[in-house]
Amino acid sequence: MKNNREHVLKVATKLISQRGFDGASTREIAQTAKVSQGMINYYFGSKEALLKEIINDYQEQINNTIKSIVHSNLEGLEFLSLASRKFFDLGMRNRDLARVLMVEEMMEMRQEVITQSDEVGSSITNIFVDKIEEGKKNGTFNKNADSELIVSFLINTLNDYIIREERVYFNTLKDPYSEAAQQRLLDFSDHYLKTMLSN
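For the sequence shown, the UniProt record's numbering assigns the number 1 to the initial residue and increments by one for each residue that follows.
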């Protein structure tokens, strides 16, 4: 049943990202996932509950990612670099969901979903901000660095690329989602953090 559940969540996320929440019906989700509509209704209750479950599943992935970063025992810029790469990789594996959350925030129709999305974003932001503030206190980072703005610029740039590659301008690359493009973006993120945080 777990495999069916994960499959339904993946299919639902894909369809909602393509058609919008209101455009993707539970019937279409069931047909595409090759399960009965009754199964979806039984396990998720409604399309709204299904969307909440999708976000809950993503939050669990984020929590596991945070644990792996914290247990790395890295500090300073190495910690931030690892966090950037881990969350970027997680975002790339959940691009459809990132698009869904962006649309939900823009439409402002389901406040509970927006609140969930904000909580997801805060959990990612906080791990960066907390580590920068710690570095400012122990002298690793510039004490005048604005941790909130630095992290906001970093995360928004990575999110923009994840959601739609055209949001990050790569004039010299034919494939903006190539491995080279992603490495270039991550290397720039490292350089950006080093520049903004150095004493």
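If you're looking for bench data, these hints aren't it; they were derived computationally from the structure.
All values derive from a computational prediction rather than experimental measurement.
All C-beta atoms, glycine included, are put in the ideal place defined by N, C-alpha and C.
Honestly, I wouldn't trust all of these hints.
For lysine to any residue, the following SDA-like pairs were computed, each having C-alpha atoms within a straight-line distance of at most 20 Å [to be verified]:
hint: 1; residue 1: 52; residue 2: 134
hint: 2; residue 1: 52; residue 2: 112
hint: 3; residue 1: 143; residue 2: 196
Each pair of labels, with its calculated beta carbon distance range [as the list claims (entries may be wrong)]:
hint: 4; residue 1: 25; residue 2: 140; range: 46 to 54 Å
hint: 5; residue 1: 5; residue 2: 133; range: 20 to 28 Å
hint: 6; residue 1: 25; residue 2: 179; range: 34 to 42 Å
hint: 7; residue 1: 148; residue 2: 75; range: 34 to 42 Å
hint: 8; residue 1: 27; residue 2: 111; range: 41 to 49 Å
hint: 9; residue 1: 114; residue 2: 34; range: 46 to 54 Å
hint: 10; residue 1: 121; residue 2: 22; range: 35 to 43 Å
hint: 11; residue 1: 4; residue 2: 175; range: 33 to 41 Å
Quiz item: Which numbered conditions among the earlier hints are violated in the structure presented, ordered from lowest to highest?
Solution: Numbers 1, 5, 7, 8, 9 and 10, in rising order.
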